[in-house]
Amino acid sequence: MNDTTKSSDLTVDLGAAFEASPNPYLLLTPDLRIAEFNQAYVDVTGAKRSEVIGQLLFAAFDSGPGTEAPENVRQVRASLEKARDTRQRDHLAVVRYSMPKTLPDGSESFVERIWSATHTPILNDAGEVVLLLQHTIDVTDLSPNSQPDEPTTALDAIVGGSVLRRAQSVQEDNRRLETERNRLVEMFMQAPGFVAILSGPEHCFQMHNDAYSQLIGHRDIAGKSVREALPELEGQGFYEFLDEVFATGEPYEGRESVAQLQRTPDGPLETVYLNFIYQPIRDDAGAVVGIFVQGHEITDNVLAAQRQKLMIDELNHRVKNTLATVQSIAIQTARSNTDPAGFAETFQSRIMALSHTHNLLTQSHWEGADLRAILEHETEAYGHTRISLNGPPVSLEPAAVLSLGMIFHELATNAAKYGALHTPEGRILIDWALADQRAPRLKLSWREMGGPKVTAPDKRGFGSRLIERNIRHDLAGEIDLVYAPDGLIAELTVPLDRTASR
Amino acid sequence: MTQPLSGRRVLIVEDESLVAMLLETILEDMECIPVGPASNIDDGEILARDTENLDAALLDVNVAGRQVFPVAEVLKARGVPFVFSTGYGEGGLPEEWRGQPTLQKPFTEAAIRDALMKAMGVAQA
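Order-wise, the sequence lines are chains A and B.
Numbering (the numbering used here) for the first sequence: 2 to 503.
Numbering (the numbering used here) for the second sequence: 1368 to 1492.
One or more hints might be untrue.
As the list claims (entries may be wrong) - Here are some, though not all, of the chain B residues that point toward chain A, as calculated from beta-carbon distances under 7 Å:
#1 S1384
#2 L1385
#3 V1386
#4 M1388
#5 L1389
#6 S1406
#7 G1454
#8 Y1455
#9 P1468
#10 K1472
To be verified - Only some residues are given here: those of chain A computed to face chain B with a beta carbon under 10 Å:
#11 V289
#12 V290
#13 R319
#14 V320
#15 K321
#16 T326
#17 I332
#18 S404
#19 F463
#20 N471
Said to hold, decoys possible - What follows is a set of in silico ranges between Cβ atoms, one per label pair, in the way DEER data are often shown:
#21 A/E254 x B/G1446: 21 to 31 Å
#22 A/V320 x B/E1476: 43 to 53 Å
#23 A/T424 x B/G1446: 53 to 63 Å
The hints are simulated quantities; they were obtained by calculation from the structure and are not laboratory data.
The C-beta atom is built at its ideal place from N, Cα and C for all residues, glycine as well.
Next up, chain A with everything else stripped away, as it sits in the complex (with noise of 0.2 Å):
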């Protein structure tokens, strides 16, 4: 405190002035450490210089044992942080601090003495706060309390009572408004929903809390308008919603929202739904001064509705198109059955056969089937030592495998009725393999021995004509059937990757 200063032709000793201020003058360093105190100072608290300079204040000074100590702590520290902090000045019109005071018995006690005030910042030139001053006046006897003898004035009676209980009061409202408004803010920052407070025509981020901080991937928006802070959002709409809400004064409501949204540096856009509202923030002139922002993003919500109308459409779709082919299997059946039980027979293998691929398929979760797998299921009826089946594992798309179990179906039943399946010595050889493996194709051979003396049909029925149709039409396959004396020989080659051949 030796530091003098020059005003006109008059030089001051500012440390002799703070030095010999009636008023106690306490400086602080930002962290609340006793940096310097004058002799008023240690004429109120009785503070000796070597115990307490270097100390943190509520260290040195704790406000004694009573039940109200930890709340007069916590006020004067609270101004004191509020000073630092906002760098303004900041008052505490009354507190309760009580001071250590030694008896004449030389024990120790606490009196407690009413206090008001002022905490101020003392900036450098970077603006940066270096001291804080507390300047405490001492208002204990001002207390109508300490006082009961003084008269109540007129006007005392009149506005309630003596000017410190005015002030106390004052205090008290703004000890409840800070604590409310401390609460609110906490219920801000915590609200699952995403909150924030936009300032100006620009729409600076003023606050907003952690659920908004999560949605835009926790970039440091704070003090920036909203073109500066999300500038992915340039030509979504939001700019404009936001502008017009700040121009009119009418909230906007977004429902079910696209927005993309750039989550993470130099990463890829990603697409969120949001629902939202902008409510326009009046001052008491009624002018719009700013945007409150509030919505929750539902993207998973949305997301889970469009897979569901997605499996609805394609169960309905498969549904319908399983129902399609059942009919075309009853009318088919029925042209080449004339008789009802030969028709209710046929049709229900059919329909059964359809029933065993599905149940292959479902096995699979619709991801496909092995060769071997359908080849059994149409074949295991007639015993194992009359099939020999022979070839590597296949795996197939579900579209092949509905195919190839119907034309297995009409083949192994077709040889049930005139082939090798009808005595029973007949055996049926069936070999595999793939071939060309660039672009692959299946090639099988279904060969029947044993069997009745074979001659070639007069007409195609409706199962060689359904065998054939599958083999070209739907796996852009090719097959031959040779009706050999001997037996019933069906090559048949199906490519395997049809996505590429189309």
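Model the placement of chain B on the given structure of chain A, informed by the hints.
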């Protein structure tokens, strides 16, 4: 009984052979001449463009995972009337094709005849 659509050439685009066979059978019963059936969009487009004297077409909307609308465009350009068939219903059609005669699977012979006659503007007998 004379068939109102006797002798008409009708293109079929349908990927499931059993359903295609049913359509052929029904068309033959109506004395129509089935063209195709095409089991994919590419074959469908070729038949739609190159078949001479084509009178009408029955188009499955979802053909092996693709939508049939390129074939519909070719037919529309040629002025050939067509009917969609779908398991999704008319609601499954995009805006620009709404109002086109549409068959719901599974279908009856009467429904196919009515839809074709409506598309071709042939008066009911």
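Verification of the supplied hints:
For B/S1384, the shortest C-beta to C-beta distance to chain A is roughly 4 Å, which falls under 7 Å, so the interface hint holds. Below 7 Å, beta-carbon pairs count as interface contacts, and B/L1385 has one with chain A at about 4 Å; its hint therefore holds. A cut of 7 Å between beta carbons decides the hint on B/V1386: the least distance to chain A is about 5 Å, and the hint holds. Taking 7 Å as the C-beta cut-off, the interface hint given for B/M1388 holds, the closest approach to chain A being about 6 Å.
At a threshold of 7 Å, the smallest CB-CB gap from B/L1389 to chain A is about 4 Å, leaving the interface hint in force. Because the closest C-beta pair between B/S1406 and chain A is about 5 Å apart, less than 7 Å, the hint holds. A distance limit of 7 Å between C-beta atoms decides the matter here; for B/G1454 the minimum to chain A is near 3 Å, and the interface restraint holds. Checking B/Y1455 against chain A by beta carbon gives a least distance of about 6 Å; that is within 7 Å, so the hint holds.
A least Cβ separation of about 17 Å between B/P1468 and chain A goes past the 7 Å threshold, and the interface hint is therefore violated. The closest approach between the C-beta of B/K1472 and any C-beta of chain A is roughly 4 Å, which is under the 7 Å cut-off, so the hint is satisfied. The restraint placing A/V289 at the interface with chain B is violated, with a minimum CB-CB distance near 40 Å, outside the 10 Å limit. With 10 Å as the threshold, the beta carbon of A/V290 stays out of range of chain B, its nearest partner Cβ sitting at about 44 Å, so the hint is violated.
A hinted interface residue such as A/R319 counts as satisfied when its beta carbon comes closer than 10 Å to some beta carbon of chain B; here the least separation is about 7 Å, so the hint holds. The beta carbon of A/V320 is positioned within 10 Å of a beta carbon in chain B (closest approach about 7 Å), and the interface hint is therefore held. Residue-level restraint check for A/K321 holds (minimum Cβ-Cβ distance to chain B is 3 Å; threshold 10 Å). Interface hint status for A/T326: upheld, as the beta-carbon distance to the closest one in chain B is roughly 5 Å, under 10 Å.
Residue-level restraint check for A/I332 holds (minimum Cβ-Cβ distance to chain B is 6 Å; threshold 10 Å). Nearest Cβ of chain B to the Cβ of A/S404: about 7 Å, under the 10 Å cut. The hint holds. With its C-beta approaching chain B no nearer than about 8 Å, A/F463 sits inside the 10 Å limit, and its interface hint holds. Hint status for A/N471: holds, given a least beta-carbon distance of 5 Å to chain B, under 10 Å.
With their beta carbons about 48 Å apart, A/E254 and B/G1446 fall outside the hinted range of 21 to 31 Å. For A/V320 paired with B/E1476, a C-beta distance near 21 Å fails the hint of 43 to 53 Å. The hinted range of 53 to 63 Å is satisfied by A/T424 and B/G1446, whose Cβ atoms lie roughly 60 Å apart.
Comparing the model with each earlier hint shows violations of hints 9, 11, 12, 21, 22; every other hint is respected.
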